[in-house]
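Trainee: Using this note's numbering, you'd call the opening residue of the sequence shown number 1193 and step up by one each time.
Hints listed in this document are in silico derivations from the structure and should not be mistaken for laboratory results. Beta carbons: idealized from backbone N, C-alpha and C, even for Gly. Do not take every clue at face value.
[To be verified] Listed below are the simulated BS3-like cross-link pairs for lysine-lysine, each with C-alpha atoms no more than 27 Å apart in a straight line:
# : residue 1 : residue 2
1 : K1608     : K1259
2 : K1200     : K1259
3 : K1608     : K1327
4 : K1608     : K1280
5 : K1327     : K1200
6 : K1559     : K1371
[To be verified] The calculated label-pair distances, taken between Cβ atoms and stated as ranges, are:
#  : residue 1 : residue 2 : range
7  : K1200     : L1446     : 39 to 45 Å
8  : K1200     : G1312     : 39 to 45 Å
9  : N1211     : D1573     : 40 to 46 Å
10 : H1612     : R1404     : 42 to 48 Å
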Amino acid sequence: WLPTRFPKHYCAQFHAKYNEENLDELVAAEGANDWVNLMQTKCAGVEGEPIPPNFRNADMPTLYPWKFTTAYGEGTQVVAERNPYYWKVDTEGRQLPYIDRVVLEILEDREVLLLKVLNGEVDMMSRHFNTNDNKAVLADNMDAGEFGFFETLEGGNTTGLHFNLTHKDPRMREIFQNKDFRIAVSHCIDRQEIIDLIYVGQGEPMQSAMDRTSIPELFDEEMYSMYTEFDQDLAHEHLAAAGMTEQGDNGFFLGPDGEPFSFVIQATDSFGFSDRAEVIVQQLQACGLDAQLSVVDRSLLYQRKDANEHDVHVWGAGGSSSVFLDPRHFFPYSQESAFAQAWVTWYENPSGDGSLTQPEEPPAIVKQQMELYDQIKATGDYATQIELMQQIIEIAKDQFYVIGVSSTPPGYGIVKNNFHNVPSSMPGSWQYPTPAPTNPEQYWISSQ
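Can you make the complete structure from the sequences, with help from the hints?
Mentor: The following block contains the structure:
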């Protein structure tokens, strides 16, 4: 699907290879740094910017069912109109999509979003408001708001702590790369408390591993549960093994060099990550680690991650059926592998040109994982892919890159009663990507 994001007849004007006539004028007109930055802004996407160019550029031609007429950043709404050149028809030969106009409101306050859902002002949605805490009040207001629920099957791990193993600060890097330190952190976390507080008892402690049901051939019970026991004494033993034996006057452990040691856990309030991170920070402090919480918006979170300027990045921890498409938590695969940005850059962009993080050659064991994944991409044989992925995961088990928290309970979304053709259950995953494979072009709205 990616090549369709780069229509040559449009994007060529922003590329030095194809436009020798007025490229400099276009760069100046857009206020871009150079033609590469212009190309990224108009077509390719800017590193560290989570909003893709087709959302920001209403002039971009598309093969999608709808074409943006009001782009992100041009007002309080993003508007997309029916694409008359869309390439699909339904089984009776009628041109798709059925819905003529899609309006996405830009909101800064999640409580405002929740109120809009409760008031029946949202036709369909399954993000940002759909917490466990909100489900009861939504259920109580279904009749008044004229909506119902659909299920999203999330899979994988709710939360991952991605300690920056390629930290710019040599001292922080040395501590974070010490496996005993990461094991200690894992034993400091009371996962059951998080499950009870955040997920009303749904789920179970889970390490960054494959979940129980997605791909049985890749499930490893030992990896699933390793280091998940809440045990402060055991955590302190591993801290001692990492050279952290002394505590300062404030009760926090000093670094191996005897100097004060603290780290910042950064999280966004999207998807409830900040709620989990707040509990984790409290638990780590109670365990003697000077962890601090920084809650930032998602764009800043990603800018810091992509520039390798973070201590600890909080996001998911993988383990679902999308592992072949996106094994980000099992080795430094993409910019989403927040635990090793410099190694990722070496894998994706060895020259470092245009990257916010300079490449750094990873250890041999990491390069072995990269080579195994390249072999997966080169074969169409599923049994071979399974065997190769098993090797990647086995290495990840030993390296213990990412600290997981708990298994993901089923999620939910809401859909208005007059909004049709939405399945009652669907995968909930960026890689799926929800809800695109459920054919939104065939959703339709009735008058009642």
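Trainee: Given the hint that K1608 pairs with K1327, does the C-alpha gap stay at or below 27 Å?
Mentor: 15 Å, holds
Trainee: Can you confirm whether the C-alpha distance between K1608 and K1259 stays at or below 27 Å?
Mentor: With a Cα-Cα distance of about 23 Å, the restraint between K1608 and K1259 holds, given a limit of 27 Å.
Trainee: Take a quick look at whether K1559 and K1371 sit within 27 Å of each other, Cα to Cα.
Mentor: Cα-Cα ~18 Å, so holds.
Trainee: Verify the proposed pairing of K1608 with K1280, using a straight-line Cα cut of 27 Å.
Mentor: 25 Å, holds
Trainee: Do the Cβ positions of K1200 and L1446 conform to the proposed distance bound of 39 to 45 Å?
Mentor: Violated - the Cβ-Cβ distance for K1200 and L1446, about 58 Å, lies outside 39 to 45 Å.
Trainee: Given the hint of 42 to 48 Å, is the C-beta distance from H1612 to R1404 inside that range or not?
Mentor: For R1404 against H1612, whose Cβ atoms are near 34 Å apart, the range 42 to 48 Å is violated.
Trainee: State, for the Cβ atoms of K1200 and G1312, whether the hinted interval 39 to 45 Å holds or is violated.
Mentor: Distance hint for K1200, G1312 holds at roughly 44 Å.
Trainee: Would you mind confirming whether the straight-line C-alpha gap from K1200 to K1259 stays at or under 27 Å?
Mentor: 17 Å, holds
Trainee: Between K1327 and K1200, is the straight-line Cα distance small enough, at 27 Å or below?
Mentor: 46 Å, violated
Trainee: State, for the Cβ atoms of N1211 and D1573, whether the hinted interval 40 to 46 Å holds or is violated.
Mentor: For N1211 and D1573 the Cβ distance comes to about 43 Å; the hint holds.
In this structure, the earlier hints numbered 5, 7, 10 are contradicted, and the remaining ones agree with it.
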